[in-house]
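Taken in order, these protein sequences are the chains called A and B. Okay, so the first sequence: first residue is 1 according to UniProt numbering, each after it adds one. Okay, so the second sequence: first residue is 1 according to UniProt numbering, each after it adds one.
With a cut-off of at most 25 angstroms between alpha-carbon atoms, the simulated DSS-like pairs for lysine-lysine come out as follows:
1) A/K25 <-> A/K384
2) B/K40 <-> A/K756
3) A/K890 <-> A/K698
4) B/K91 <-> B/K40
5) B/K9 <-> A/K804
6) A/K756 <-> B/K91
7) B/K91 <-> A/K698
8) B/K20 <-> A/K267
9) B/K178 <-> A/K78
10) A/K267 <-> B/K178
11) A/K684 <-> A/K890
12) A/K405 <-> A/K340
Think of the hints as simulated: they come from the structure by calculation, not from any bench.
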Amino acid sequence: MSTRLANGGRLLNKGRALEFTFNGKRMTGVEGDTLASALLANDQMMVGRSFKYHRPRGIVASGGEEPNALVGLGENGKFEPNQRVTTTELFDGLTCASQNHWPSLEFDVGAINSKLSRFLPAGFYYKMFIHPRPLWKHVYEPFIRQSAGLGKAPRDRDEDSYEHFYAFYDVVVVGGGVAGLQAAKAAGQAGAKVLVMEQTPHWGGRAPVDGGEVDGLSVDRFVEQSVSELHAMENVTLRTRMMGAAVYDHGYVMGYERVNDHQPDAKGPRHRLWRIRAGQIVTATGAIERPLSFAGNDIPGVMLASAVRDYAVDYGVSVGDRTVVVTNNDDAYRTAITLKNLGLEVPVIVDARPSGGGPLAGEAVALGIRVENGKGIAKVKGGKRVEGVEICTQAGEGAALETIKCEAVAMSGGWSPVVHLWSHCGGKLLWDDENVMFRPDGDKAPTGAEGERFVIPAGSADGCLDLASVLDNADAAGKAAAQATGHTPGKGAAPQAQPETMTPIQAVWMMPQGASYKLRMKAWLDYQNDVKVSDIQLAAREGFESVEHAKRYTTLGMATDQGKLSNINGLAILSDALSQGIPQTGTTTFRPPYTPISMSSIAGEARNETFQPIRKTPMHSWHEANGAHWEPVGAWRRPYCFQKPGESVHDAVNREIKQTRDSLGLLDASTLGKIIVKGPDAGKFMDMLYTNMMSTLKPGRCRYGLMCNENGFLMDDGVVARLDEDTFLCHTTTGGADNIHGHMEEWLQTEWWDWKVYTANVTEQFAQVGVVGPKSRKVLQKLTDDDISNDALTFMGWTEITLKGGLPARVFRISFAGELSFELAVPASHGRALWDMLMQAGAEFGVTPYGTEAMHVMRAEKGFIMIGDETDGTVIPQDLGMDWAISKKKEDYLGKRAQQRSHMTDPTRWKLVGLETLDGSTLPDGAYATADGTNANGQRNVQGRVTSTYHSPTLGRGIAMGLVLNGPDRMGDVLDFPKVDGTVIKAKIVDPVFYDKNGEKQNV
Amino acid sequence: MSEAVSALKGASFDGFVTVKDTGLHGMITLRGDLASDAVKAAVQDATGAPVPGQREVSGADGNWVAWMSPDELLLIVAYDAAPQIEADLRKALSGSHHLVANVSDARAVFRLSGSATGLREAIAKLCPVDMTPGAFGPGQFRRTRMAQIPAALWMPTDDSLHVICFRSVADYAFNLLKGAAAPGSEVGLFS
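Using the sequences and the accompanying hints, generate a full structural model.
Now the structure itself:
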């Protein structure tokens, strides 16, 4: 059983016990524990079930590479699935539950899959569940979904807060092990502004566990000294609990800081996502030990040799009284020596190399440990925990020579440099045959805009495996980074460590080398996705020869750990099956983030009230207090209608229309775009922007205009007012204001840069109110002494007036509803006051505020088009019968050339008409008018579609506009509009102007 | 005349720095040839401050001139003085191609004050600007993005910072700044 040792645990404060629960069971750990070490200290060997076969699984690793030990952490608003226990710091009151088991971890029904594993090989789902088709949706998928998946999605809102942080450094060092610290020191001493981030709470990486001496100091003392030197440098920032998650182009680094994961009740954000611009990035990300592929290598108690050592030294935890060490390299001997020195038993070290190891092996033998060279593990015995191992000859097929009882197996298949960050932005790898690893190819670094490299690997991440070379390499990396960012590095030598003599590693991808199929199908590569040696071999046989194809077919490396332990082993097996070298097979692509980061950290502040900006007019709070039913328009919220208590939306709209047409309505039109165009060439510019002639507009007058893009399609419309000889005020649609301003500036800056025109977007400067209805002049006249009679201010004129009390305002006499109406513009700071004034003055006329829907219905009754309804990016003014708004006199305007192309002048283009249902009902939005016959795809032919459709309370019937083939020539024709329920509405083609065809109402 | 009111009517929040709606400022957009004597003189007369250099702000104490683009300045003056200054500028520049617009009501302005390092941190959570002392400080002006909206920053003094955004998103901006200044969320970077 695994247990806490009496001695050891350099990271622990044994004086402070912490209570926690696992699957409801109360357990105790101590301060400094990770959840992993605390579980092991409580003999919780099994921590979950595997994804596909529901096999019992235990902790394998001691860091971010852990594939098995994922738990659902916390409860309710603090719940998060798939949390790795190895990177979860223990805190008092922690609750967690294992995943992927039913009904319980100990007894799991899904484990039957394991018995059926022969019948569930790679690609099983693809092959099995494809026929018959209908069964997929109703039978297979629900079943597979229920049995698959890891953690459960949270059900409650996340209680925590998250934030981003933007930072800028010359040199960013990722990793706070000896390499990272040394690189930072070298760069910092040269004067570079340096950030060092370390994903764990501790500095030094694994060097303090592995030991050694640097410049005569023990390595842990050296780490302490380096950290305090770095703290003293003003140009160096040190952050722990912060992972280098990603490297992007132009030295953009993502840092994932877990601010409060270890103290969930503390104030402040849970995670902080750093978005960093770095001149140079040093990846001192270390290396990860590889598992060995032998049968039963997934049974709880089989762990990486380095992890067994970490738990013993860092946390004073023994995984078992008897640990068998199995290796193909010298490093794993450290585990045996460590355990033996702690008074634990190491029954045997199984070394796959026929001639065994170097000096470390000698040390082990001297401690009395039995070493078996040229041997391997045939299989691990046990179910929910290790009970023993069968030893065999590595060169053979797995015949058991001996069975050795043990509780733990410490395995080492060699080390893989963590090359992820190096690779994110295109750094290439080379295969190092001697050290059996992929490591960064220094000649093919990620490069910046000038072709310069901006990522430098350091230490083990660059393939250095002993302390002396790690320090040399990292020192050089730090100096190079400083140099590249314009600093002068010192000439001092790197700190010195004693070089180690090692016997070379021997590549071992399968144990034993000739393992039978039965053994191979119990030899796991990818623990988290349950991929075995036999699966990869099957994929190769079935033709999935590319490593990317084999990955997707078998799901190797596709789990949340992204194959940190499995990828190299898997591609070595694939290479072997294809009889090619590992470099020829290559690796899959490393993509950010390095380990999963929380979705909330990505969202940052973008949640709750700050999920997205909502633009509010100066009258917004009045609307809110008076029953506004909101509609998003661009980023604005506009009232769709104002509901009275007990009133339906439909009734409110009808009431607003009726009241406005009968008497008086107010529309908050502040959201309309307002752009000033000024300069000696403003008229010329306006003539290019609009299809109409704008340069002839007189000051004091307004003109409705259309704007097209250079492809001829309608992009915006609105009323232009000429303010003076040099100045125009362009009103745009609400959603179009920013785009149109950008459109204007683009033409001015890139094409007509020599024209003397300036623009300014003054949309937000003004609050604007539409005062609409037969009583509009009366109410306005109550507010001003200026003359606004029909003679003084004619239709399509504007003037400046002073409101009683002295507030200046612009009045535009324009109409979108077809009634007598005025638009009043005042400075936004007075907008609410103007609204209140109008409401008060209008009370005697039964004034109603109205919303966007009443506005839409009233404009449709008048046959006025709406950008976005009648237009969809493929419609030209000619389609809408708006030839009157296209100047024939102008030599050019944006879109003119395009509108002369054959497709644009095609007489069969659908054109705008009004549609009147025969039964008075309202056509569905977007309905199509069908025609005889079917097209090449067997679909009904169509001859038109509805663009706007409403119930008109004024006419008491449904009205619509639509684009119809030869529409204007077919007045009176009846079209069929099928509905989704199969019934058909018949509608007659009519003139699109339904109301006040002669425009008498607006002209009084 | 009705009283002119800012979007948030002087709202304030005390976090690790204080965030306050400063109320209305007079603001005038001036576009023209910034190198011309006419513009230089007109700006000096209107505000008492010279035309600032690229990404800079000139002036002090409520009379500032901010560099917005190679041909655009934002003059920040007293709210009530803006109409007269606008008229004076038009007159002074009548002989040259220019655009002057009173935009005093189009924006919201927040003042962050308190801890000099704190206000830098609060901004660095929201804006992709290097807020390190030395990289940004008094005299500089930065148009940038604050989370999802456009914004501009300047520091009248070492321990105060002003943020401008559009009026319609004043609520959103205030909520952003409140979150960024929430007690306990200090980063501890610039101290």
